[in-house]
Amino acid sequence: MAAVQETVDKVKSIDVDAYKYGFVTDIESERSAKGLSEETVRFISAKKNEPAWLTEWRLDAYRRWTTMREPNWARVHYPKIEYQDLYYYAAPKSAAGPKSLDEVDPELLRTYEKLGIPLREREILAGVQGAGTRVAVDAVFDSVSVATTFKAELAKAGVIFCPISEAVHSHPELVQKYLGSVVPVTDNYFATLNSAVFSDGSFVYIPPGVRCPMELSTYFRINEQNTGQFERTLIIADKGSYVSYLEGCTAPKRDENQLHAAVVELVTLDDAEIKYSTVQNWYPGDSEGRGGIYNFVTKRGDCRGARSKISWTQVETGSAITWKYPSCILRGDESRGEFYSIAISNGHQQVDSGTKMLHLGRNTSSRIISKGISAGQSNNTYRGQVFAHRKASGARNFTNCDSLLIGNRCGAHTVPYVESRNSSAQFEHEATTSKISDDQLFYCMQRGLSAEEATALIVNGFVRDVLQQLPMEFAVEAQKLISVSLEGSVG
Amino acid sequence: MSPQQSEGAARPVAEPVGAVISVLRNDAEKALADLFANSRALFVGSAEIAQRREAAFARFSRLGLPNRRVESWHYTDLRGAFKSALPLAAMPDAQARASVRARIEALRAADTQAVTRLVVLDGVFEVELSSSHLPEGLRVTPTCNALIAGDACAARAFAAGDLGQGDAAVALNEAFATGGVIIEVAAGAMIDHPVEIVFLSSGRAAHAIYSRSALLVGDGGVVRFFERRLTHGQQPIQRNETLFVDLGQKSIVRHVAVAEHEAKSAVDVATTLVCMAADAEFTSTSLQFGAGLRRRQIFARMDGPHARCSLRGVGLLRGDEHSDTTIVMEHVAPGCESRETFNHIVDNDATGIFQGKVTVAAQAQKTDGKMKSRAILLAEGAAMYNKPELEIFADDVTCGHGATCGSLDDNQLFYVQSRGIPKAEAEALLLEGFAGEVLDEIGNEQTRDALMDEVRAWLAQRGQK
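Heads up: the protein sequence lines correspond to chains A and B, in order.
Counting in this note's numbering, the first sequence runs from 15 upward without gaps.
Counting in this note's numbering, the second sequence runs from 13 upward without gaps.
Be aware that a few hints might be false.
As the list claims (entries may be wrong) - The calculated DSSO-like cross-link candidates involving lysine-lysine, where the alpha carbons are at most 27 Å apart (straight line), are:
no.: 1; chain 1: B; residue 1: 378; chain 2: B; residue 2: 262
no.: 2; chain 1: A; residue 1: 48; chain 2: A; residue 2: 191
no.: 3; chain 1: B; residue 1: 42; chain 2: B; residue 2: 384
no.: 4; chain 1: A; residue 1: 253; chain 2: A; residue 2: 289
no.: 5; chain 1: B; residue 1: 435; chain 2: A; residue 2: 449
no.: 6; chain 1: A; residue 1: 405; chain 2: B; residue 2: 262
no.: 7; chain 1: A; residue 1: 449; chain 2: B; residue 2: 42
no.: 8; chain 1: B; residue 1: 276; chain 2: A; residue 2: 449
no.: 9; chain 1: A; residue 1: 170; chain 2: A; residue 2: 61
no.: 10; chain 1: A; residue 1: 170; chain 2: A; residue 2: 289
no.: 11; chain 1: A; residue 1: 48; chain 2: A; residue 2: 289
Calculated directly from the structure, the hints in this document are not laboratory data.
Predicted model, so just to flag it, every value in this text is computed and none were measured.
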């Protein structure tokens with residue numbers, strides 16, 4: 015009987031629209047007026063009760079943005095975005111900021127419970143959730159952060175982990191010093207838009223010599239209709255510190271497209287290390303390509319100090335469109351940048367993602383491992399740049415991008431820029447494209463696996479190098495996600 | 013932060029698909045428009061060709077001179093190099109011919125085998141300087157004559173399989189070219205001795221050279237084909253010469269191209285357009301020295317199944333030379349194979365560029381494409397830019413590319429030096445090996461040795477400094 019039940023469950027779970035986070039939470043919310051103008055920017059700034067310098071900073075960004083043109087060089091196609099038809103701020107209605115979780119709307123907590131994200135510390139302590147590993151979570155719902163866990167314990171270690179809107183008040187000197195120092199206000203169209211209207215996100219500061227006692231994590235959730243989410247994350251690892259940061263994202267299923275334009279800035283000083291992992295699972299649209307999130311994200315790390323290290327790991331399975339190039343500026347001597355990526359596209363998804371490694375300091379090194387998997391009618395592009403400055407003697411880079419095609423209606427593309435202006439820099443780049451061979455499939459199926467299971471198994475082997483870089487609890491989730499993302503792609 | 017270092021996301025490197033770029037015309041672009049309008053009387057050819065020219069120039073007007081904002085010209089700023097549009101080169105006179113005769117004689121003296129040599133001087137085919145005897149199965153028509161006579165081969169040379177239509181330099185060539193030479197190899201003909209085109213510029217005045225040549229090989233034809241680019245004088249020149257190679261079914265072309273050093277003031281754009289029918293085989297090996305601005309672009313398309321195309325090259329650059337090799341390889345038929353192997357040695361403050369794009373259409377299953385670009389930088393100021401691209405829409409393919417860039421391997425150098433060979437010689441030996449790797453693939457020993465001699469001569473000059 016149990017076996018039968020298992021089969022029934024299995025069949026149920028294999029739905030074409032397998033996106034399981036597609037529910038909408040019915041929650042009262044407050045939005046800004048539709049459209050974007052100086053008033054909207056001022057409204058958001060006022061909502062957050064921001065100091066004058068930040069309001070000015072936002073307005074400056076907004077004015078710049080009005081003069082910029084949307085970039086069109088990426089291999090993604092989408093109808094023109096009507097920026098004036100969007101809401102730039104949406105927040106769950108609640109009286110002032112919640113003092114504790116008990117004040118948070120229970121509906122909201124249920125949302126996060128549904129997503130499997132623990133916001134109640136005691137539950138984790140009681141061992142109810144997961145394997146008992148403790149992760150501090152900052153949950154961002156539409157435009158505001160609703161809860162941050164383990165604050166007290168982190169504070170003991172001197173670690174600051176709070177919503178950026180709070181950091182503006184509690185640590186203005188740090189925010190003012192580092193905000194926009196990695197991704198300048200004028201960096202690009204979407205980053206400038208973000209600078210003007212960014213709502214919330216996480217702020218992390220690790221003091222010198224501190225190894226952050228637990229993983230930090232942020233979960234982003236877009237709930238409201240017609241809103242864009244513009245979060246901003248700023249992580250600073252002071253001398254000799256270490257932090258591992260995880261980011262997850264989901265959104266409800268909606269017929270229209272939603273915009274997500276985030277900016278992430280990382281700064282490492284001497285000997286510091288940041289490990290930044292993302293499992294991006296925004297709603298990718300339905301099987302006809304309707305709806306889904308436009309994910310236009312600027313992520314950049316600045317290895318400012320000598321011997322510092324930034325490592326990006328990303329698993330990209332969601333979004334209708336992904337436009338994302340987490341990069342490292344290797345400014346400090348002997349600094350190191352890493353980029354590990356799995357990008358899976360299915361249905362009508364379009365992915366244009368990659369990285370940049372800018373070698374400026376001496377003896378800097380970087381490593382890029384990118385695995386792209388396209389299925390259905392999707393397009394998956396790796397676009398990356400490796401650059402050695404005249405003064406970057408001894409720079410080293412190794413790049414490996416592999417693409418896997420499943421079916422003959424999808425596309426896989428590789429566009430690397432390998433630019434060396436220093437004779438002692440050593441760059442190596444290799445890329446391959448192939449399909450899952452019939453031999454491999456046959457072998458697995460002969461052992462009793464279905465075509466889909468076999469594909470998932472082979473794909474998991476293909477992306478193993480990257481999965482190994484993920485923190486444990488994320489790796490398991492990512493592995494499951496890969497199987498789900500590829501459902502319906504075989505046969 | 014300089015623009016070089018800023019986020020690519022921010023840098024407008026766009027080639028907007030289908031979008032009209034609003035181009036602010038610079039002086040050279042305005043001058044080119046005037047030149048085109050005023051030179052219509054010179055543009056011989058049928059009404060159809062005239063129409064093509066107008067369409068090509070309209071295309072150019074829309075695109076403007078290629079600059080860094082155009083993705084396929086990302087590292088070569090032709091617009092910046094064109095300070096003005098130089099006047100079209102005059103027909104070579106007796107004096108011009110006399111001035112270059114010695115060069116042609118020198119080539120003849122260096123021949124290790126019988127060569128059918130065809131000379132295109134300042135973009136015009138020169139009967140006097142060319143071989144008078146043609147082997148059987150070979151037909152040679154000056155492009156100009158073919159245009160006037162309305163010969164079908166002229167129409168083919170200008171249509172060129174509609175390759176490179178999105179490129180502004182090709183458009184300019186299509187609009188302005190009246191000279192050149194069209195070589196036809198009859199179906200089934202096996203041409204014993206190599207056929208060589210010498211593209212020569214007399215350099216007697218500052219001028220622009222546009223020529224269009226073609227090698228049209230019938231089904232089953234076999235030919236060895238050499239191409240040599242030379243400059244005689246020191247005057248600033250703008251060269252834009254296009255060669256169309258059309259391979260019939262089961263035909264074989266073995267192509268060897270040498271582009272000799274040109275002056276700092278020279279702007280040289282050489283385009284090769286290659287169309288391949290089923291089971292055709294095209295191998296091309298090039299030895300390329302630098303120029304003020306040199307761009308060699310190859311647009312190849314395999315129309316028929318099971319065609320094989322292999323492009324190889326060595327680039328030797330020094331001083332502040334700039335050399336750009338750009339390849340677009342289109343797989344549109346199933347079962348084709350393509351190989352690209354390019355090695356660059358970059359010294360002093362020179363800049364080497366390799367851009368290779370392999371595209372595989374959905375119907376081109378079983379494609380096998382491999383691309384490799386390697387570079388050795390010898391000096392602090394040297395730079396190398398690699399952009400190997402893949403664009404794949406078929407699932408049953410094996411495609412890959414590799415790109416490396418670095419200095420001479422210290423271990424290798426140490427090994428050779430430990431055998432008692434002085435450093436300079438050891439370096440030359442290793443570099444010779446690096447270049448030889450690519451040139452070794454030339455089947456004909458005499459040809460290969462001749463090219464290796466040129467490599468050695470270049471390396472010897474390096475040692476002298």
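Under the criterion that the straight-line Cα-Cα distance not exceed 27 Å, is the pair residue 48 of chain A, residue 289 of chain A satisfied?
At roughly 37 Å apart (the allowed maximum being 27 Å), residue 289 of chain A and residue 48 of chain A break the hint.
Residue 276 of chain B paired with residue 449 of chain A [C-alpha distance capped at 27 Å]
violated, 47 Å
For the pair we were handed, residue 449 of chain A and residue 42 of chain B, check the Cα-Cα distance against 27 Å.
violated, 50 Å
Hinted pair residue 170 of chain A and residue 289 of chain A, Cα distance within 27 Å:
holds, 22 Å
Pairwise hint evaluation, residue 61 of chain A against residue 170 of chain A, where the allowed Cα distance is 27 Å at most
violated, 30 Å
Straight-line Cα separation of residue 42 of chain B and residue 384 of chain B no greater than 27 Å?
With a Cα-Cα distance of about 40 Å, the restraint between residue 42 of chain B and residue 384 of chain B is violated, given a limit of 27 Å.
Tell me if the straight-line CA distance from residue 253 of chain A to residue 289 of chain A falls inside 27 Å.
Holds: residue 253 of chain A and residue 289 of chain A sit about 15 Å apart, inside 27 Å.
Just to be careful, I want the Cα atoms of residue 405 of chain A and residue 262 of chain B compared with a cutoff of 27 Å; is the pair within it?
violated, 52 Å
Measure nothing beyond the straight line between the CA atoms of residue 435 of chain B and residue 449 of chain A; if it is 27 Å or shorter, mark the hint as holding.
violated, 47 Å
Within a Cα-Cα threshold of 27 Å, do residue 48 of chain A and residue 191 of chain A meet the stated pairing?
Distance ~32 Å between residue 48 of chain A and residue 191 of chain A Cα, so the pair is violated.
Within 27 Å, alpha carbon to alpha carbon, are residue 378 of chain B and residue 262 of chain B?
holds, 19 Å
The structure fails hints 2, 3, 5, 6, 7, 8, 9 and 11 (numbered hints given earlier, in ascending order).
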